[in-house]
Amino acid sequence: MRRIMIDPGTRTHGLVVVEGERVLCTESKAGAFTVEMWLRAPDPAQVLVERVAARGVADGNVMRTCEWSARFRTIALEQGHTTVWLYRRHIVAVLKARGRSTDARVRARMREYYGAEAWSAGAGSRG
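Note that the working numbering numbers the sequence shown so that position 102 is 138, with each residue one more than the last.
Bear in mind the hints are in silico, worked out from the structure with no lab data behind them.
The beta-carbon is built from N, C-alpha and C at its ideal position, and this holds for glycine as well.
Certain hints may be false.
What the hints assert, rightly or not - FRET-style restraints, in silico, Cβ to Cβ:
{"#": "1", "residue 1": "F69", "residue 2": "K132", "range": "27 to 37 Å"}
{"#": "2", "residue 1": "K65", "residue 2": "G96", "range": "16 to 26 Å"}
{"#": "3", "residue 1": "A140", "residue 2": "R47", "range": "28 to 38 Å"}
{"#": "4", "residue 1": "R58", "residue 2": "M99", "range": "33 to 43 Å"}
Work out the full structure, taking the sequences as your base and the hints as a guide.
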């Protein structure tokens, strides 16, 4: 089954699409159109969308990221995909990444899991 993993941002989004052990797409700055294209593909998928955790007063960037997170989750549910909405701390725990939960650390752990060759420049788009 295809797995689509999304890290929403304010304007661009982290996106990883895998099928089995094969990486189909990795983009650190995917546009909303690209993410939605994968979500609207006819094949069933498991979708993981990172959920935003904010403390205190949320600024405009946090609010925009929350909106994208909810939008991607809604599209996945409407398309009938199995959908999981996880906070970063849970994603880091699943990946067993050590240290701070930065984007770079999560990306590095994903490279370790799927293999560095899958993340080469050639695998950076639809495969």
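Hint by hint, here is what the structure shows:
Roughly 33 Å separates the CB atoms of F69 and K132, a value that falls within the hinted 27 to 37 Å. A C-beta distance of roughly 20 Å is found between K65 and G96, which places it inside the suggested range of 16 to 26 Å. At roughly 19 Å, the beta-carbon separation of A140 and R47 lies outside the given 28 to 38 Å, and the hint is violated. Distance hint for R58 and M99: a CB-CB separation of about 36 Å, consistent with the stated range 33 to 43 Å.
Going down the numbered hints, you'll see the structure goes against just number 3.
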